Structures are given as structure tokens and as C-alpha cells.
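Asks: What follows is each chain in one-letter form.
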Amino acid sequence: MHDKYEAVIGLEVHAQLLTESKAFCGCSTKFGNAPNTNVCPVCLGHPGVLPVLNKKVVEFTVLMGIATNCKINSRSIFARKNYFYPDLPKGYQISQYEEPICEHGFVEIELSDGSRKRIGITRIHMEEDAGKSIHDISIDTLVDVNRCGVPLIEIVSEPDMRSPEEAYLYLSKVRQIVKYLSICDGNMEEGSLRCDANISVRLKGAEKFGTKTEVKNMNSFRNVERAINYEVERQIEILEDGGQITQQTLLWNADLNEVLPMRSKEEAHDYRYFPEPDLLPVVVDENWKKEIASGLPELPDIRKKRFTEHYQIPLYDAEIITQSKGIADYYEKVTAVTSDYKAASNWIMGDVLKVINEEKIDIKDFPVSAENLGELINIINKGTISGKIAKEVFPEMLKENKSPVEIVKEKNLLQISDASELENLVLKVIGEHPSEVEQYLDGKEKVFGFFIGQIMRQTGGKANPKIVNEILRKKLGEKKIK
Amino acid sequence: MLPYTPYSEILEKIKSGEVSLVARVENFLERIEKKKHLNAFNFIFEDAIEKAREIEAKIHSGSAGKLAGMVIAVKDVLSVKDKPTTCSSNILKNFKAIYTTTAVKKLIEEDAIIIGKTNCDEFAMGSSNENSAFGPVLNPHDNTRVPGGSSGGSAVAVAAGLCDASLGTDTGGSIRQPAAFCGVLGLKPTYGRVSRYGLTAFASSFDSIGPFANTIEDIASVLEVISGHDENDSTSSRLPVPKFSEELTFPKDRSKSSENMKIGIAEEYFGEGLKAEIKDNINQIINWLKNNEFQIVPIHLPHNEYTIAAYYVLTTAEASSNLARYDGTRYGFRAPEASSLIDMYKSSRSQAFGSEVKRRIMLGTYVLSSGYYDAYYRKAQKVRRFIKEDFDKAFNEVDVILTPTSPTTAFKIDEKSSDPLQMYLSDIYTTSANLAGIPGINIPIGKDSSGLPVGMQLLANQFEEEKLLRVSAFIQNNYLRSLK
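The listed protein sequences derive, respectively, from chains A and B.
The working numbering puts the first sequence at residues 12 to 493.
The working numbering puts the second sequence at residues 22 to 505.
It cannot be assumed that every hint is accurate.
[Said to hold, decoys possible] In silico lysine to any residue, SDA-like type, Cα no more than 20 Å apart, as pairs:
1) B:400 x A:110
2) A:420 x A:405
3) B:379 x A:389
4) A:316 x A:337
5) A:67 x B:255
To be clear, the hints were calculated from the coordinates, so they are not data collected in a lab.
Quantities reported herein were computed from a predicted structural model and do not represent experimental measurements.
The shape of chain A in the complex, shown without the other chains:
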């Protein structure tokens, strides 16, 4: 029965901007300081204070607008969104309403069948964050206003997504872009990226939208997909039972795995938006726009394409490596040292990402420098060490960021490529194992591996396998003839 329906999903994404100071005062935006210490009369909402716009907020928002193909409005205005809540000191949030700074953009997502889909962006606007109400520490609700006035952008999509997967892909794309632009750290668990979904379902082929619900409180990527899935199923079931969807706001409860309606009192807000009289219209002229655009980094899709063309690595590799700007930057630093581009992507996709994911660290905190990883690849290719030894060297590099050459020297791991030394060794091993030689001569090819193993054991793995191979085959061949 589900095949009859399709979901219609639009997302509202809030991204906390990585500015040093707050949107409308000079206070620090630093996360994790003692409660109510990043404050001043302005963000405390004392009588008589006035907001002063942080220019960086405009620059970051315009950057996002350009990266998502938006029209940048040369004039935009702030508005007050009025509501009472203890963590909102002024009793209103400064936001944008009627004339936002960015409009009519889009991003592209890549669906599992490889096709691309455009998701429209209705608008991107600037606003300030509220403080935090803490309900579970004491009987009273405690309020921390450190977050008050931290700048946010709200990115509102068109209702262009047709499945929870598409919503997930869109959200991932938005996160990837804000991280590429270094305007937001994209961390959903810590709340620096937040997402609300507007969801409705309709019969496939229908033109009219169904009644929508808004789902809030999805504080992880996994929860977004799960919550939307849940809500789509819930709506289909209601319709199948002949019921009607009620327009309402729902909260995702990750513990219960279900959506629950918000109390109607909390929902019945009339925000009474009106233009913020304390701030002048924001004017972004062509010059400023150009200046901001000049700081635009290469965006992920373009970079991915360039990687497949310039470095000739498979699309799969390019996709993984350009997932994050930091990884892609790291890759390019490695390829500045070594021309074995495929080996570079193999190392990053394998050993590097494994450590990063296991340790949950950022690439910028990864202990092995790109230069040293490049050098490691180079000494493998030169034959200085074998690939096998390299797997021993790498953990040493993780312990301290030393050059692999140094480690190889210290640990005496240089590969033995000296033909006469290896020949002696081969002859010695052959001499010590006459019965295995017999087996080999009887046609048991497998025994060849046994000899290699012996040689490697005796050299601690340092013997150049290619040369050992050649000599062993030659020497055993000579026995055959005899």
C-alpha cells in the first residue's frame, strides 16, 4: 500500500555560525564556558541596550548564499520575532522575516541510482540564538544565556524531497557545504546544526500537497531519517484508515522512537513579526559581494570532479576523500609529495580514516602529517621498504609524527635487496629443507610459498619479496634440471 503514496518533505536547517563574537554584541561565542559568563548588558537584554550587527555574520551568510546558488539581496532587513521564554532575555529574537538576505537557491544531491536531483532553497536568513533552559539539574529551571545572541543562519528548503533518504542526503549536503565554507562545525549532537522537517504525504501523481506536520527535536542525522520515516508511515496509516492529518507540531522522541505532539499552548504562537527598529537595513553592494565571493573555497562537487580528472582516481575514491574539506586538503598535501595518487587515496581511505573514525578525531588533529604519509608511499615505491614493513612503520608514525625514513633507520627495517646476500639465504634455506625441495620438484607448487615464508622469517620480513621470488624460482629451477 505504501507504493501508492509519496512523501513531500521540506527542511528548515539552523546552522550556528563560527564567528568569534556574537551577532549583536562583542561577547565570545566560545562553547563550554561556565554558564552565564559570555554575557554583557546587550545579550542580557538590560533596559536601554541596543544591538550592533557583527559584519562577519553577513559575510558568512552571503558565502552560504553564493555556495547554494542563491540570489543575494542588496538590501535586507531584520525583524523581531516576539515570544516569551525564560532563555530569551529581550522577549524577542532578532531574525529576518519579510526581506531576507538570500533567496531562490538550490543544492544538488546524488541519489543512490547515481542520478542527481536539485533541491530548491527558498531562503537563507540571519538570526540570533536563544539561551539554554536546563530543566534536569534542580527543581527550578536554570537558564544559561551564554548562547544568547550567537549567530545562526536558517536555511529553508522548498518541499522538494520525496523520501526520508532524500531528506538525509539534502541535510548531508548542507552540512558538507557549511563545513567546506568553515562557517559552521556541522555538529548535530552539540546542536550547532539543527533541523526541523515539514512533512506531508499524497497519492503518487497527485498535484496538491497533503496537510503537513512539523517535526522538531531531531538531534542527530540518524534521528532525522528515522523520525521522518516514522512520520511518513504514521500519516500513510491514518489516510489508509480513512482519517485526516491534523496540522500540528510534533517532537521526535529518540528514546521512545516516536513523534509526540507538542502541547498546543506551546504551539499557539503569534510571533508578531515587525521590522527591527534598532538596526539599519543590511546593504550588500556588488563590491562587498565580490569581496566575499573571492573567499569562496572550491565546493565539494567541483572538487570531486577535479580529483577524478586530475589525479585519475576512481569516482568512489574521490567521493570519499572530498566528503570533508579537511580530508580533501590532506589528500592534496600528500599528492604534493608523492605522485602515486592512487596509493595516496588508498592509504587515506584505509588506514587514515580508520584511525579518524575510531578515535573520533578531526583530520586536523591526525598525528601523521601529509608530508610524512607521502614520504612513506615514496619509500615503498622506491623499494626502500616493503608494503608489509610499511604497515609496521605506520603505527610508529601515529605514535609520534616522525619521518618514516627515520623510523626505518631506527628500527633497522631497511629492505634487503642485495642479490648476493639474498642468494646465500635462498641456498641456505633450500639446503636446510631437502624434503620440501623434493615435494616442490614433484610438482607441489604450494611449497614455494613455504620457502618464501622461511626467508621472510629469517630476515624479519625485510627481504625484498620481488628479488627473493626471482632467486628462489631460479635456484629451485636449477634443481629440477639436475
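Model the placement of chain B on the given structure of chain A, informed by the hints.
Replies: Coordinates of chain B only, in the frame set by chain A:
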């Protein structure tokens, strides 16, 4: 008005040792005590004497600022660090400011002495100073009458000789109307001329801080100090500030220069409701000005009849939002017995706001509500633009516009307090300047038959305060002298 002496002349006497600043401040404090029944002050700054000592020393060592020793009272809606800032409201009755208003800071930096905070209508909402948690202020000319409002305490402080000058705020006439009722000079600067940082907002796009004084020289010197861009107020102007204190005279051959000085008279300001005696006084000065070679030009301000309506829609809308922060959560009054969050908001605000404030919050909330926004707020914004355009046109033809300041002289206490509409009409000639963002001044020009002060208003185009000052100075030095 005469024989008031400009403070600059008094300062010369302090410098020469003829007058002691400390003694002067002591006198003011004694006088304030003596005139306590006027209820002009909410708080007296006892440290004024100490400041006087410091500044007197600075004066004698030659290191003192421009306003050295000038004794100034400030309206209790202006924050002064570590001092109470109550806005004459119970909701802030025990609140102390944690920073100082830019305008006040500038006065202090020029070595003025802040002597206290003056009474006013609660959150500057009112035209009679009866809406105060500290009780009404009395008019010094007749203690049964109101001083006007909302800056009633600041007007009375100057009129009763309790300070040299004072600061008030003007959102729809709150400086000019009490100045008229009390017979003092009161100037509302261009919107953006003086930083609003520290001024407790009533209606953000209307509020201006301005001076009261007994001489135009003092008005000019205070205005000069408090004006200018402030990085804490994005709406404060970056235009250079003229040396107002040097803009008080016309060029020597005034008869020639005054050919360019045209004074507009708008018939819309002389209609029904204007008290005959005030009209007579105004006509008398118009004639006098004509005889003194000013050109009198009839002008029209066709949208004038919509000013009060537009004013009350827009200011209450802004006020409803500006006053949302007084919710009992972080500072100020909190109803002690509240049982829930919503109950805390409701009880705190119901108990601590006065009825006029509540009326305006409700009105403002209503006009911003979804479904009503277009019919009220948006329409009123349009009217505001039309009114501004009316003035733009008028100031293409004339330099200043002369009007009555208020349709009546000071009325009796309680006379209008039960009729808000009548009360609102008291500002019928003053609100247009705030809608248009232009400067205006009240000049006392005489008294009515009951001995109550009559005021006239001059309006000028944005950032042309010097025109107001020059004409006011001319009237002060020639017309008022001839009356004496």
C-alpha cells in the same frame, strides 16, 4: 525667561573664585529638599558634593571639561551605572543599572555633575507625569496642575531652579510639551543625532534624548556634548556635529541674511482645540517676527490629521515588544506567589505595570497580531512616510516651522487621567516631529491669564538643529527681553 544667566558665565565666576562650585551644589541640594513636594526627583545623587569638590579643583587647575560643574538632572529612564534606573515603574523599582547611557557618559566626561534621576511617566508613557510609581509631579507655577509629561520631573527640575539643565526623552512630545507647561526651553534633537544607548526604549524609532534649560546657550552646549555617532547605537548618525554653542547668532547683517530665513506657518496647527489665549500669544510673536524681517510663509501639512492615529499604532507596537523583557525572570519585580511560568509572567506584569503601560502593551500587541498587521501597522508605516514627505516638501520652502507646542496650558491634576484620548490630544502638535524624525524645540513666550506658561514650537528639517537654536536665541535675546 530672563534674567537667567547662561552657565558659561557662571563657570567664569567659579574660575575666578567669585562663586564656589561646592557651595552652589549644596544650594541645589538644599533647594531640592525644600521643593520636595514637587516630587521632581526619584533619586538624589548624594555623591554630587564630592564630585563638585573634584571638579572645582580641576577647574582651578585648568584641566576641566567643557561643562565643568554644570549641574544636570537626568530622567529616570536613562541608565547610570550602579544607580537605580526605575523608569518610574514598580517593575524596576529595585533595579540598578550596570552601565551608563552614552549621552550621560559624555556629560560626565565633560565634568558635568549628575545630581539625580528625575520623575517621569512610567516608561515615558504619558503627557502629565501622573503615571508614575513615585506619584505625580507638580507644576511649580501652580501646584494643583500637572507639569506635562512624560519628562515632567526634568522640566520641573529646571523650572524650579533645582539644577542648571536636565535631560529628558521625547517620543511624541515628552520634552517639548512639559517644557511648554513649565515655561522652560526643551529641545528634541533629530532622530539619530544623540545616541539612544542607555535610554530605556519605549518606541525605538521615535525615542530621542534632549536637554531642558533656562537659556538657549545651555541648551546648545549640552546638545553639543551629547550629540554624535555612537558605536553602540547603529541608528545614531555619522554626520559631523556642528559647534552648536557657536551657532547662536545670525551673521552681523541679520536683515540681509534673514531674507533667507523663512518661517512656515501651517494652518493645520491652528485648528479646533487650540486655546484662544495660546493662539493670541503665537500670533503676537508671528507679528513680531514679521516686523523683525523674518519671512512668514503659509505652508500645508496635509496628512497632519493622521498623526495621532499613526503615532499610537506604531509606538505601541514597538513598546509591546520593547517591554517584553520585563517579565520577572532575570531582574526587576517577580510576583512571589506565581505557580507556573505563564502565571509568573502574567502576575508579575499585571501587578507591576501601571494601567497606561498595560493599555499600550495591549494596543501594540493587537496591532501586530496576525490578521491585523496590514490593517494597522503597515498602514500606519505608510502614513508615517506621507507625514515625512509633507515635511520634506515644507522644508523645501521654509527654514523652520512655527507652531503652538500644546493646545492648552498646564491642566489640572486628574483632569484628563480618566480620558486617555483627551490626554493623547495634548501631544497633537508634537508627535509629527517624532514620526518624521525631525528636531523641535519649545520656547516659552509668555503666560496666560492664569499665569501659566505658554510655549511655542519650532521645527526644522533633519540635522538642522542650528536653525532652531539661532531663531530661539534671537527670540530669547530680543522678544522676551522686550516683554520684561
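Asks: Hint by hint, note whether the structure agrees.
Replies: Hints, verified against the model:
no.	hint	result
1	B:400 x A:110	18 Å, holds
2	A:420 x A:405	14 Å, holds
3	B:379 x A:389	78 Å, violated
4	A:316 x A:337	17 Å, holds
5	A:67 x B:255	16 Å, holds
Of the numbered hints stated above, the single one contradicted by the structure is hint 3.
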